[in-house]
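Note that the protein sequences, when read in sequence, are chains E, W and X.
If you read the first sequence in numbering that gives the first Met the number 0, its first letter stands for residue 0, the second for the next number, and so on.
If you read the second sequence in numbering that gives the first Met the number 0, its first letter stands for residue 0, the second for the next number, and so on.
If you read the third sequence in numbering that gives the first Met the number 0, its first letter stands for residue 0, the second for the next number, and so on.
Bear in mind the hints are in silico, worked out from the structure with no lab data behind them.
Check before you lean on any hint, since a few could be wrong.
[As the list claims (entries may be wrong)] Where chain E lies over chain W, by a calculated footprint (3+ residues, C-beta under 8 Å):
#1 109 to 120
#2 236 to 248
[Stated by the list, open to error] Subject to a maximum C-alpha distance of 27 Å in a straight line, what follows is the list of computed DSSO-like cross-link-like pairs (lysine-lysine):
#3 11/E <-> 129/W
#4 22/X <-> 507/W
#5 25/E <-> 168/W
#6 705/W <-> 507/W
#7 507/W <-> 11/E
#8 25/E <-> 239/W
#9 11/E <-> 257/W
#10 41/W <-> 11/E
#11 25/E <-> 40/W
#12 705/W <-> 15/E
#13 129/W <-> 41/W
#14 616/W <-> 25/E
#15 11/E <-> 277/W
#16 712/W <-> 22/X
#17 712/W <-> 25/E
#18 11/E <-> 253/W
#19 25/E <-> 496/W
#20 41/W <-> 168/W
#21 25/E <-> 84/W
#22 515/W <-> 15/E
#23 15/E <-> 234/W
#24 25/E <-> 515/W
#25 507/W <-> 25/E
#26 22/X <-> 515/W
#27 25/E <-> 235/W
Every residue, glycine too, gets a C-beta built ideally from N, C-alpha and C.
The lines below spell out each chain.
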Amino acid sequence: MATVADLTQGQKGIIKDFAEHVLPIKLLELGCLPGNSIELIQVAPLNDPIYINLSGSHIAIRRSLAELIELDIIEETQAL
Amino acid sequence: MSKNINVALIGNPNTGKTSVFNQLTGLKQKVGNYPGITVEKKEGICKLPRGVKAHILDLPGTYSLNTTSLDESLVVELLLNKNDKDYPDVAVVISDVENLKRNLFLFTQIKDLKIPTILVINMADRMSRKGISMDIEAMEKKLDTKIALVSTRKGQGIERIKELIADYKNLSSAPNVDAKRISPEYFERLQKTFPNEDLYKLWLVITQDVNFMPIEKKHIEDATSFTTKSKEELKKLQHKETVLRYQFINNTLKETYKVDFLAAKGFRASLDKILTHKIFGYLIFFVILLTIFQAIFDWSSYPMDFIDEQFALASEWIKNTLPPGVFTDLLAEGIIAGIGGIVIFIPQIAFLFLFISLLEESGYMSRVVFLMDRLMRPFGLSGKSIVPLISGTACAIPAVMATRTIENWKERLITILVTPFTTCSARLPVYLILIALVIPKGTILGLSYQALTLMLLYLIGFGMAIFSAMILNKILKIKSRSLFMVEMPTYRLPLLKNVAYTVLEKTKSFVFGAGKIILAISIVLWFLGSNGYSEDFKNAEQIVNDRIEQEGLSTYSKNYIQNNIDAYRENALAEGIAPEVIQDSIQSMTHDLRERAEAQEIASYKLEHSYIGQAGKAFEPLVKPLGYDWKIGIAVLTSFAAREVFVGTLATIYSVGSDEEETIKTRMAAELDSSGRPLFNLASGISLMLFYAFAMQCMSTLAIVKRETNSWKWPLFQLGFMSVFAYLVALIAYQILI
Amino acid sequence: METVQHILVYLILALAVAYLVYKFLLPKSLIHGGKKNSKDCSQDNCGCS
């Protein structure tokens, strides 16, 4: 199963259902809900944390947290 | 006259809430603290059309009403308590046009509290650049509110906010999302138990950890007819609430808010590429830090010298103008010297806060957090620790509070414990005056030695923070989840006005907060320094005069006379005055100088046998190995209340012991130790700086650490560990350098 | 004149001492009615749950 941590720079994905209780509510409030899109913008110098665009909110999270968010990766062709 | 309209400004962080507040209130604002806690309370008055006035309260920024920090609890507490005198007649939710969806989350929550709510969509000037188009009228209908489209940067839309506030009685206070939908069965029972209460409010009281006046949380928990759910179950329901709210918001925005990504132009992406680059990112960060230190040291030295001189002049003027007596002495020596010790540091503190607020306002600080997270983790810190560590260079108190954003308790605790090592602005005065005294002038690669020393001291403080974090990370056995989340706001050019307000506010709070303490301590010290109980003190004049008759003047006095004469001769010769004339004037000068030196010796003798002198002498053996005399010892001791007292203390002690008005610096430079060398030499100066770098000398920080960690264990640990460490390092440094 | 000066000095001294006592020795809770912090936050997940 692909997770946010598997995205490469510039790649997008749509959030699938996930075990909600493991994620902090703050993340949900920022829009981390099934159906919303996530785009990987930047990876920090030592490969962690990662900088994502979570349906309009620009935030950075650690890989360990990113691994908990499952998603369907959209192929590059669909991106702009 | 009708009652003022109570208005609460609420909004996510980074939405320009402060700008809206500044523009609504202008200069008619005041900053205080909420009673009993250190969260800043900003309020102001705004004149509305038709002669009505609004009392505006700027609440701390929050993402939602799910509180996770003291600041946020405050927002919820106010909004739940109808009896609070600040309870809003109308809430103004500030949102940012780019993040409208997320901002609306908070909006719907506030709307559901049945408070009349206005939505302000800020940063409208970015709409066309971001390809955003909105149907405001349709949106107003969907959200059942009134909307003001505002650009604080261009000053547009503020009038519209004022009109809407004045017209608040026509606002709807119907909720957006029906709380019952979260869990019909659960809310049904809740309603039955508390038929008179509002459901959504009850829900917040149950899920949030806040003080709620009308119905205490405990009452709900105790109600026999009603059992609350377990934490896990409640959390699940909170998730459900989040989903419901987003459904409502998505529905609203689907037809009213459109983004044309093709039209969107942003320099965020390209700027991010550089500023978070593997190499350039760190390089830029380092250059920024270097610039800050050079500025603090170099640019501010001019106003500081000027202030120093002015206070010496003021002191002299008072002595010459007012009738002689003890009160005049207190004014000239205690109070003026004390105030001088505060005012002199205004330029530096202003510079420091200027830079920090520029970094935060521009959005750069978040990038630093992003860059540093992975690097900080091996030390048990989070990338977010960088914010406390940097703002700790201003003051450890807000820095310790800023650790609240760190999600992981172990990382947070370590950050709290090591933050006081960073060089706060209170250490700056001590460093600056010592550097000016013991570090030679001169430059290397365009940077002065003095600036480099200062930079080094900052690095030592920072290094020590990191090092002790590493140790703490090893010894503290706390299990916690590795959570981390930081918002990366869009870059913006800092608004000059906001920066200016911050600098003004912080400087003011230094002057009136720390300043009052410094002044009070100066007064007490002056009193202790100019009074004594021993026979030696009372008969000082007799004793000193006898000694001078038998042994002649002290080495210090002889040097003092000789130096003055030499300086005069050199000057006179350079000006081409005849040698005989010079000889004559030297004769009369010597007489004057001798008299002054005698008075000086009496004054010093008195000081040595005053209350403070006796206390200092008793304390001296402890600081002697570090290269300090009893006067510095006193200054170090009083610094345990607050470091910035150091310079003020020395200024007071020296001016009590001196018959002349000189600047603090020259007085310190002239001080000799028992073997006739300058008291402030390289060895003792560096030993002192290192002591101040490591010692935990700040009562307020200890108090705040106690509050944040909820136990005395940690602040006492800090006090003990840091102070013993500081003593040892200072001891070693002095013994090596001497 | 001398007495006035003495009185003034003791007055100011008393003010200064009172201020320091108020600031450092009295526990804050006595002054502000002992409002307890509702969010002590000495636990994990502070800031995210």
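Against the structure, the hints come out as follows:
1. 109 to 120: As far as the region 109 to 120 of chain W goes, the hint is violated, because 0 residues have Cβ atoms under 8 Å from chain E.
2. 236 to 248: Three-residue rule met by the region 236 to 248 of chain W, so holds; n is 5.
3. 11/E <-> 129/W: holds, 20 Å
4. 22/X <-> 507/W: Distance ~18 Å between residue 22/X and residue 507/W Cα, so the pair holds.
5. 25/E <-> 168/W: violated, 33 Å
6. 705/W <-> 507/W: holds, 26 Å
7. 507/W <-> 11/E: Measuring from Cα to Cα gives roughly 48 Å; hence the hint is violated.
8. 25/E <-> 239/W: It holds: about 13 Å lies between the C-alpha atoms, which stays within 27 Å.
9. 11/E <-> 257/W: Measuring from Cα to Cα gives roughly 20 Å; hence the hint holds.
10. 41/W <-> 11/E: violated, 42 Å
11. 25/E <-> 40/W: It holds: about 25 Å lies between the C-alpha atoms, which stays within 27 Å.
12. 705/W <-> 15/E: violated, 43 Å
13. 129/W <-> 41/W: violated, 32 Å
14. 616/W <-> 25/E: Since the Cα atoms of residue 616/W and residue 25/E sit roughly 58 Å apart, the hinted pair is violated (cutoff 27 Å).
15. 11/E <-> 277/W: With a Cα-Cα distance of about 23 Å, the restraint between residue 11/E and residue 277/W holds, given a limit of 27 Å.
16. 712/W <-> 22/X: Roughly 22 Å separates the two Cα atoms, so the pair holds.
17. 712/W <-> 25/E: Violated. Residue 712/W to residue 25/E sits at ~31 Å, over the 27 Å cutoff.
18. 11/E <-> 253/W: Distance of about 21 Å is within 27 Å: holds.
19. 25/E <-> 496/W: violated, 31 Å
20. 41/W <-> 168/W: holds, 25 Å
21. 25/E <-> 84/W: violated, 30 Å
22. 515/W <-> 15/E: Cα-Cα ~58 Å, so violated.
23. 15/E <-> 234/W: holds, 20 Å
24. 25/E <-> 515/W: Outside the cut-off at roughly 41 Å; violated.
25. 507/W <-> 25/E: violated, 35 Å
26. 22/X <-> 515/W: Measuring from Cα to Cα gives roughly 10 Å; hence the hint holds.
27. 25/E <-> 235/W: holds, 14 Å
The structure shown violates the earlier hints numbered 1, 5, 7, 10, 12, 13, 14, 17, 19, 21, 22, 24 and 25.
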